[in-house]
Amino acid sequence: MRDDEIRESYFKYFNEEKLPFIQCKNCGHRFYYPRAFCPKCGSSDVEVRFSEGRGKIFAMTKIYRKDGSYVIYGIVELEEGFRMYSNIVEGNQADIAKRVEVIFKEINGKKYPLFKVI
Amino acid sequence: MIVGFAGKLSKNYEKDGIELLKEAIDEALEMAGLNYADIDGIMANIGRGSFHGNKTYLNPPAQISEYFGIKPKIIDHVQYGGPSVLSMIYRAYKAIKTGDAETILCIQGGKISHLKDNHFQKTDIIDSPFDDYIKIYDQMSPISDYAMVAYRHSKLFGTTDEQRAEIAVMQRYNASFNPKALFRNPITVEDVLQSRIVSYPLHLLEIVYPIDGFHVFVVSKRSSKSALRNIDILAYGEAHWPNPPAEWDDIIYTPAIESAKRASFDLNRVDTFQLYDSFTITVMLQMEDIGLVEKGKVGQFVESHDLTFKGDVPINTGGGSLNTGQPAYMSGGVILEEALLQLNDMADGHQVKGTDVVFLNGIGWWSRKHSVTLVLGERK
Numbered sequence: 000m001r002d003d004e005i006r007e008s009y010f011k012y013f014n015e016e017k018l019p020f021i022q023c024k025n026c027g028h029r030f031y032y033p034r035a036f037c038p039k040c041g042s043s044d045v046e047v048r049f050s051e052g053r054g055k056i057f058a059m060t061k062i063y064r065k066d067g068s069y070v071i072y073g074i075v076e077l078e079e080g081f082r083m084y085s086n087i088v089e090g091n092q093a094d095i096a097k098r099v100e101v102i103f104k105e106i107n108g109k110k111y112p113l114f115k116v117i
Numbered sequence: 000m001i002v003g004f005a006g007k008l009s010k011n012y013e014k015d016g017i018e019l020l021k022e023a024i025d026e027a028l029e030m031a032g033l034n035y036a037d038i039d040g041i042m043a044n045i046g047r048g049s050f051h052g053n054k055t056y057l058n059p060p061a062q063i064s065e066y067f068g069i070k071p072k073i074i075d076h077v078q079y080g081g082p083s084v085l086s087m088i089y090r091a092y093k094a095i096k097t098g099d100a101e102t103i104l105c106i107q108g109g110k111i112s113h114l115k116d117n118h119f120q121k122t123d124i125i126d127s128p129f130d131d132y133i134k135i136y137d138q139m140s141p142i143s144d145y146a147m148v149a150y151r152h153s154k155l156f157g158t159t160d161e162q163r164a165e166i167a168v169m170q171r172y173n174a175s176f177n178p179k180a181l182f183r184n185p186i187t188v189e190d191v192l193q194s195r196i197v198s199y200p201l202h203l204l205e206i207v208y209p210i211d212g213f214h215v216f217v218v219s220k221r222s223s224k225s226a227l228r229n230i231d232i233l234a235y236g237e238a239h240w241p242n243p244p245a246e247w248d249d250i251i252y253t254p255a256i257e258s259a260k261r262a263s264f265d266l267n268r269v270d271t272f273q274l275y276d277s278f279t280i281t282v283m284l285q286m287e288d289i290g291l292v293e294k295g296k297v298g299q300f301v302e303s304h305d306l307t308f309k310g311d312v313p314i315n316t317g318g319g320s321l322n323t324g325q326p327a328y329m330s331g332g333v334i335l336e337e338a339l340l341q342l343n344d345m346a347d348g349h350q351v352k353g354t355d356v357v358f359l360n361g362i363g364w365w366s367r368k369h370s371v372t373l374v375l376g377e378r379k
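Quick note, the sequences are listed as chains A and B, same order.
Everything in the first sequence is counted per numbering that gives the first Met the number 0, starting at 0 for the first residue and increasing by one.
Everything in the second sequence is counted per numbering that gives the first Met the number 0, starting at 0 for the first residue and increasing by one.
In case anyone wonders, no lab produced these hints; they're calculated from the structure.
Honestly, I wouldn't trust all of these hints.
[Unchecked claim] Okay, derived cross-link-like pairs now, DSS-like style, lysine-lysine, Cα gap no bigger than 25 Å in a straight line: (1) A:97 / B:294; (2) A:115 / B:134; (3) B:154 / B:296; (4) B:220 / B:379; (5) A:17 / B:134; (6) A:39 / A:55; (7) A:55 / B:154; (8) B:134 / A:61; (9) A:55 / B:294; (10) B:220 / B:72; (11) B:134 / A:97; (12) B:115 / A:61; (13) A:109 / B:134; (14) B:154 / A:61; (15) B:115 / A:65; (16) B:154 / A:115; (17) B:134 / A:39; (18) B:379 / A:65; (19) A:97 / B:10; (20) A:55 / B:220; (21) A:109 / A:61; (22) B:154 / B:54; (23) A:65 / A:55; (24) B:21 / B:10; (25) B:134 / A:65.
[Stated by the list, open to error] Selected chain B positions facing chain A (in silico; Cβ < 8 Å): (26) 129; (27) 133; (28) 135; (29) 136; (30) 137; (31) 138; (32) 146; (33) 147; (34) 151; (35) 162; (36) 199; (37) 250.
The beta-carbon is built from N, C-alpha and C at its ideal position, and this holds for glycine as well.
Turn these sequences into a full structure, and let the hints guide you.
This is how it looks when you write it as structure tokens:
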């Protein structure tokens, strides 16, 4: 796939409420951030696959607003083995190692994957 | 070979950045006993929007030369954030040893006070190919990114808010003896913990305050009127982990673990440490990664040692950028200036007596992707 295709395809899949990731068909490496070739072995033989959307919180922080409210930003580790940055919503129970699943919400008119604690 | 240096810092500089840069170059050249005509090499790293209102030079050392009428034999734009200036010193020493140039200016800083509430303004400059998939989220980089590391560190190792606060307290103590520090009134652990939580667990007093400022270092082989000691590079290492930290094995490590290994210097020979201090946790991560204490044990180390300039393990002896302010979001110039003050017995009010060896480590980029280890001293 070309760089522009692979980058655009992510937004298309988000809109369909699918969470894509990339698997290298040469070395098997899985990664989330869209590249037209594998950052481990350099192969261009990569394919987009879809995650079940379940994982665990690997790292997180509560960012406080001046009014005392907060938003949670963190790194989620998906069961398929890749990690990604995201916001965690409905986060009263949120903590490192807590299980989460993907939900899709609109940010600036486009859908993006976020996570909620399950 | 560092024959002159200067740091000109201002909370809110009223004239243009180019004029603040001129003040810094003039002061450094005066210490060196050299003139503009002597400069035949230039290296620089300048914050975005520093010049002529809000303009960014595409190649700062070239455009600075154009403005100042410098005609260099070599130009190097070293840009991987705060530690870049430490690499410039290394490259300048090499260039002089190989005869590529004789007198090289190393410049880092910028004017950013006009951007303060707006420094993520829309531009085509991106700092990761994946900004569209990362910065779209509600986040506060780099504060939220370091806060995540601080929280994970405390979850894994039991590091406490009080232990992190100790870093801020001891650096402020050092700053209270440093006439150049912006924040000089002593603070307590309680003060730190009662300051606002910006991004949990980091409090306001654990976070650096951005200011305007430039640092200039003159590296030259010329035997000049400079009264500075003949400081050499005793060890050097750099390491770059370009992937987003989400793709690293773990975010509790920084590339300092590799840059320090490459420098491979016996820490028992070190008189003071100058460690990049964008946040309290940044200092603590480096203390572990350079090998001062093993991973996970820095909290106990902080409690059982005196890290002030009067103590057994002096760190950030001038109070660091947490207290001078951080020029153009980069602390490298602050720690390098302090290292040179200590080595030349010029650290007015906070001198560590008999300083012969200073160990510096810088960490760069919002996501801690770049580390430079530099050990300075007199080769005997």
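Consistency of the hints with the structure:
1. A:97 / B:294: Holds, at about 24 Å.
2. A:115 / B:134: This hinted pair holds, its Cα atoms lying about 19 Å apart.
3. B:154 / B:296: Holds - the C-alpha atoms of residue 296 of chain B and residue 154 of chain B are around 13 Å apart, at most 25 Å.
4. B:220 / B:379: Judged against 25 Å, a Cα distance of about 18 Å means the pair holds.
5. A:17 / B:134: Between residue 17 of chain A and residue 134 of chain B the Cα gap is close to 20 Å, so the pair holds against 25 Å.
6. A:39 / A:55: 24 Å, holds
7. A:55 / B:154: 15 Å, holds
8. B:134 / A:61: Distance of about 16 Å is within 25 Å: holds.
9. A:55 / B:294: 24 Å, holds
10. B:220 / B:72: 15 Å, holds
11. B:134 / A:97: 23 Å, holds
12. B:115 / A:61: 22 Å, holds
13. A:109 / B:134: Cα-Cα ~14 Å, so holds.
14. B:154 / A:61: Distance of about 15 Å is within 25 Å: holds.
15. B:115 / A:65: With Cα atoms ~17 Å apart, residue 115 of chain B and residue 65 of chain A stay inside 25 Å; holds.
16. B:154 / A:115: 20 Å, holds
17. B:134 / A:39: 24 Å, holds
18. B:379 / A:65: Not satisfied, since the Cα-Cα distance of roughly 55 Å exceeds 25 Å.
19. A:97 / B:10: Distance ~43 Å between residue 97 of chain A and residue 10 of chain B Cα, so the pair is violated.
20. A:55 / B:220: This hinted pair is violated, its Cα atoms lying about 56 Å apart.
21. A:109 / A:61: Holds - the C-alpha atoms of residue 61 of chain A and residue 109 of chain A are around 24 Å apart, at most 25 Å.
22. B:154 / B:54: 43 Å, violated
23. A:65 / A:55: 29 Å, violated
24. B:21 / B:10: Measuring from Cα to Cα gives roughly 17 Å; hence the hint holds.
25. B:134 / A:65: 21 Å, holds
26. 129: 4 Å, holds
27. 133: Cβ of residue 133 of chain B sits 5 Å from chain A, so the hint holds.
28. 135: 6 Å, holds
29. 136: 5 Å, holds
30. 137: 5 Å, holds
31. 138: 4 Å, holds
32. 146: Hint holds; residue 146 of chain B Cβ to chain A Cβ min 4 Å, cut 8 Å.
33. 147: 4 Å, holds
34. 151: 5 Å, holds
35. 162: 18 Å, violated
36. 199: 4 Å, holds
37. 250: Check passed: Cβ of residue 250 of chain B comes within 6 Å of chain A, closer than 8 Å.
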